[in-house]
Amino acid sequence: MNIAKVVDAKGLSCPMPLVKSKKAIDQLASGEVIEVKTTDKGAKKDLAAWAQASGHQLMDMKEENGVFTFWIKKA
Amino acid sequence: MADNKKKTTIVLFSGDYDKAMAAYIIANGAAAYDHEVTIFHTFWGLNALRKDEAIPVQKSFLEKMFAKMMPRGADKMGLSRMNFAGVGPRLIKSVMKKHHTMPLPQLIEMAQEQGVKLVACQMTVDLLGLTQEELIEGVEFAGVAAYLADASEGNVNLFI
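Protein sequences, first through last, are from chains A and B. In terms of the UniProt record's numbering, the first sequence opens at residue 1 and continues consecutively. In terms of the UniProt record's numbering, the second sequence opens at residue 1 and continues consecutively.
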């Protein structure tokens, strides 16, 4: 997977992971992918809901040692 | 594209730090959702928009009293519960720091950065004896009709 931008939102709480992801994805072209890292447990549902509502595609997600990583493809 | 954007409007009536935080977190979230977001500040909610320094303006005795008794800016607002004469906000701010939660003044800044429209209700601005110069830059002044124009197209309308 080609990652155009990495968003490090580790340690930040709501609404920062969402706001940072949005800022990052705005700078991408359609079809490009961002990787978002967060430790906010709420972000799991938040980023999935946001991606769906904005038409982006949540490609994959993993959890490792309390860090959630998301890959989202811009619509 | 701009026309089919969804809209969120929030009426911030309350002058409590916690309630204003909720309003601004929702506003920032909605902006990230690509909504057109407007926060209408009225009554005590206007205090969130006050500059934190004293601005020399001509005021009547009563207006001066109001200016003194109301919190000067978002950071000085009290909590709706467990305020404990000002100790509560200090406690919660230290807890927020630990959790890396953004404090209210920064949430307001970020909202402006994200293009959230901040509106002050002109009638209550006058009522509380506030002036345009005492409020932060970038605030618009309007009344109920402007609110209704936005809210009637709103997908999310909240009163906090």
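Keep in mind that the hints were calculated from the coordinates and are not lab data. Accuracy of the hints is not assured; some may be wrong.
[Said to hold, decoys possible] Just a few of them, taken from the derived set where beta-carbon distance is under 10 Å, the chain A residues facing chain B:
(1) I3
(2) A4
(3) K5
(4) V7
(5) C14
(6) V19
(7) K23
(8) Q27
(9) L28
(10) K62
(11) G66
(12) F68
Where is the CB? At the ideal position from N, CA and C, for every residue including glycine.
Violating hint indices (sorted, rising): Going through the list in order, the structure violates hints 1, 2, 3, 4, 8, 9, 10, 11, 12 and respects the others.
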